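Chains A and B, in that order, are what the protein sequence lines are.
Residue numbers for the first sequence, in the UniProt record's numbering: 1 to 588.
Residue numbers for the second sequence, in the UniProt record's numbering: 1 to 465.
Because the hints were derived from the structure by calculation, they are not lab data.
Fair warning: this is a prediction, and the values are worked out from it, not measured in the lab.
Any given hint might turn out to be false.
[Stated by the list, open to error] Covered stretches of chain B, as calculated for chain A (at least 3 residues, CB under 8 Å):
id, region
1, 19 to 31
2, 112 to 126
3, 195 to 205
4, 214 to 220
5, 276 to 290
6, 326 to 335
7, 387 to 400
[To be verified] Restraint ranges, calculated between C-beta atoms of paired labels, are given here:
id, chain 1, residue 1, chain 2, residue 2, range
8, A, 285, B, 90, 49 to 55 Å
9, A, 563, B, 159, 48 to 54 Å
10, B, 274, A, 17, 30 to 36 Å
11, A, 108, B, 268, 38 to 44 Å
12, A, 98, B, 90, 55 to 61 Å
13, B, 114, A, 273, 33 to 39 Å
14, B, 114, A, 98, 16 to 22 Å
Using N, Cα and C, we set each Cβ at its ideal position, and we do this for glycine too.
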Amino acid sequence: MVLGKVMRVIGPLVVAEGMSGSMVYEVVMVGEERLIGEIIGIQGDRAYIQVYEDTSGLKVGEPVEGTGDLLSAELGPGIIGKVYDGLQRPLSVIGEQLGPFVSRGVKVAALPRDVKWFFRRSPKVKVGDKVSDGLILGTVQETPILEHRIMVPPGVRGTLKELAPDGDYTVEDVIAVVDVGGSSKELKLMHKWPVRKPRPYARRLEPIEPLITGTRVLDMLFPIARGGKAAVPGGFGSGKTVMLQTLTKWSRTQVNIYVGCGERGNEMADALHSFRKLKDPASGRPLSEKAIFVANTSNMPVAARETSVFLGVTMGEYFRDMGYDVLLVADSTSRWAEAMREISARLEEMPGDEGFPAYLGSRLAEFYERSGRVVALGEPERSGSLTIVGAVSPPGADFSEPVTTNTLRYIGTLIALDVSLANRRHFPAVSWLSSYSLYVDTVEKWWRELHSDWLKLRSEALRILQRESELMEIVRLVGPEALPDTDKLLLDVAKMIREDFLQQSAYHSIDAYSSPEKTVLMLDIILKFYEEAMKALNNGVQLQRIREAPVKVKIARMKEVPNEEFRKTYEELNKEIMEYFTQVSSGG
Amino acid sequence: MVSQALSVKEVRRALSARGSLLFVESIPGIKYGEIVEVQMPDGEVRVGQVIDVGKEVTIIQVFGGVSEVNVKDVRVRFKGETFKVPVSLDMLGRTFDGLGRPIDGGPNIVPEDWLDINGAPLNPAMREPPSEFIETGISAIDALFSIVRGQKLPIFSGAGLPHNRIAAQIVRQARVRGKEERFAVVFAAIGVTYEEAYFFVEALRKAGNIESIVSFINTASSPVIERIAVPRVALTTAEYLAWRNDMHVLVVMTDMTNYAEALRELSAAREEVPGRRGYPGYMYTDLATIYERAGKVTGKKGSVTQMPILTMPDDDITHPIPDLTGYITEGQIVLSRDMYRKGVYPPIDVMLSLSRLMKDGIGPGKTREDHYQVFMQLIAAYNEGQYLRELSAIVGVESLSERDRKYLNFADLFERKFINQGEFERRDIEQTLDIAWDILSTLPEEELKLISVDNIRKYHPKYRA
Ligand SMILES: Nc1ncnc2c1ncn2[C@@H]1O[C@H](COP(=O)(O)OP(=O)(O)OP(=O)(O)O)[C@@H](O)[C@H]1O
Ligand SMILES: [Mg+2]
């Protein structure tokens, strides 16, 4: 192994000499305390190392030892429900062992070594078979709602020589032996994968299924596709974190990965606690049984923000390869970009826009491009998806800054949060005028099965909201009375859409999750009201009569109706609307 | 102040000096981040820190600065340790300078321990989500921006606005309901005037429910570079009181804008590439290492709650100092010049203010079951009222409907009766919510869409009788 010496220390950047023979992205152990670092540049025999732990106390001349390995994640049973730091150290285990403060140089294995998992071998696989990467050898029921599929790791091909019988094994016990061109390769319940390298798959699929999120403004207006990518930019307090937490709580997925990158410690604590308490809507089990957390809070070493993001994606791809739908959220990608900027400045690289390095865009692309819906390698044939949603924190809520603009080049759904909506407590503060989704046409087919008019309702709602903002400019100049009654009615309906449909409290026990059926029927009923009201108006009914319709109060409270009962409510409201307008139109 | 570790390494001259930076020839064994003592030509000793160590040259940042110093005549002693301050329970009731040296004429304290001023990051998995409601007795805060123990909630103010009086009122009146616990206050004055600093120290001393105050004063005339240390020294003391001595500690720091300015000066002196509006690119991270030192910890009784105060340059909330602060803290209380001009005290901008940890601290068993709904309804109604104010300025009040006029009236009541209160008036949460209901009841009942029918039946004055 390469053994060099520290020659300079400037914050998280260490320059070491005597490092020839090492490679870029190799993990090194820095100093007597063996702090974990990664080589990010090599010049002659000098290596430029970003250190993932606090470098205070480090001296010139201390040893730097190469490991020959790239920064890798451990993948195997025991990963679900954990809280990891950016180097995949299990924070709760460290907390129990070393107390509440994070100290340096700690080395604790990511996956517990002493736990035995019950491995059930696949009936389809037998000794003597030709096996290749991705083949499912067997399964471990890791939590009541997650079957961990044990796959032949990428790159391994050959003849299966041994396969362990059903039984209890630790992650390090050998469960299979493959003859690879004459040499034996031992397989275990776990394997390692370099975090910066995308995991291979057989082929990509088009993202045609919507990721059902339970958030109406997304499902109805700005859908995200399974395997798609979305960004949530917004000023401070606009609701990014609540949005990402809501997505990981209610989305229809099998695995969720929550990456807290350079954000608040209390938020992580809140997520951890609430995920243990809240139940997954599909299975009724605690959400923590299908979630993994990566926490590198703002006061933890800056360089590890980058590893936390790539660690999260790697774990996401791993579960995707099992054939699962996985959602990864990263809060906030801006903090990661800032860490890049800081390291780049110390390296004295040529700064680009606002001091960010020129490679900001390509690094963001590397991240978002790892999303996708794919056919996995190996037998049995299966498809899985990794959806990525990243928060962006633009300084001064100004979306023209480099991280936002670069991100927009790669994503399919823009969920733009608007501080002025948040200030008015319109939550989620998703701007209907500046958000967009490129997945509308692809997911429409799925929705059509549920409600034939999904697309029509969506376009109509957006049209009304667009028109509202035009009319409001007039109102601000001359007041509402100057408008014709049809426009006044439109304003009333726009208000209903905003308040009774788009606003959705993340904290309301019923409203927090809106089923697809409830979502589409809620909008359907509002637009039905509009249609009938417009007819009545054209038949000479006074606007005042429309405004007094008692059904409006019921529409305002329909959020509180449980998902299962909603169809009944829909029928009732529909009937009431028809009856009321028939009555007023006939002069009653 | 620096611990008395063995000092063996010494350099008898420097290579050059610039601003607060001193360049010296490297000698073996210098540690990154270690503290140095710089002896000036006149014998005065200043404290510095190694910020860049290389084989040939070591760069030291000196607290107090080294400009215009003859570099041949300085001596640099390497202490072998990071920046530490002495801590002890004797600090309660005492006043120190920004580096932790007593300035109240009293004796040096006998340290129980020496602690690194940077602390160690709290393991997020070991944090306990804050959820204990702190009743400040101020209606606007308790009802709309409730504070919980372990939260970091800054006041965003502007030059000349009464942030100090509000902070003092909070400190004076704050208590956790149902508990007779007393708490300690750690106060850090950062580059403020002498008068401002002593206003606080006096106001705090007079408050009855405070066990004791530890003050750290760095006034406008103290060395700029020491401003970098003050909040850290104060928080180290707070953590010592909270985590080792089970105390509930409220840390008030004013003015964080001066801290950020010092950071900018320092960065310029280092010739770093400036970020937005000249502030260093790492300001977010730097501020986070201060603000994140608040919270509650699993298995510990104490807590650290932070209330930093900052003045927004030009009242601009998008300025990097409030902006980055808002991105780190758990909400903000924003003061409004408009409300101040109207004579409302506390002049809080209801739209821009927010407490993110509110939801965990309120509700049945904590405040009252109707609290959240009343809060949402007040905000919504005030919004509507504000909008109609704008509108009536265009079209005249006469052309507004009956309903609209009620909203206009509501907005006035909200500001004058609900927000506005005396500087020495303490309202408990029931009183606060009852006032809220009184003003809400001036609106038609069917307008209270955000309140459940059950709560209306229970708390609306009409049914309360
Ligand atoms: N869907 C929602 N329902 C109810 N309240 C919400 C919702 N979304 C956001 N909020 C409110 O807005 C506050 C701020 O939201 P959040 O913490 O998600 O902002 P953020 O954009 O992540 O800010 P920062 O960039 O500073 O982290 C929350 O504490 C909550 O009070
Ligand atoms: Mg956030």
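Here is how each hint holds up against the structure:
no.	hint	verdict
1	19 to 31	holds (count 5)
2	112 to 126	holds (count 9)
3	195 to 205	violated (count 0)
4	214 to 220	violated (count 0)
5	276 to 290	holds (count 7)
6	326 to 335	holds (count 6)
7	387 to 400	holds (count 5)
8	A:285 <-> B:90: 49 to 55 Å	53 Å, holds
9	A:563 <-> B:159: 48 to 54 Å	52 Å, holds
10	B:274 <-> A:17: 30 to 36 Å	31 Å, holds
11	A:108 <-> B:268: 38 to 44 Å	41 Å, holds
12	A:98 <-> B:90: 55 to 61 Å	30 Å, violated
13	B:114 <-> A:273: 33 to 39 Å	35 Å, holds
14	B:114 <-> A:98: 16 to 22 Å	21 Å, holds
The structure does not agree with the numbered hints 3, 4, 12 stated previously, though it agrees with the rest.
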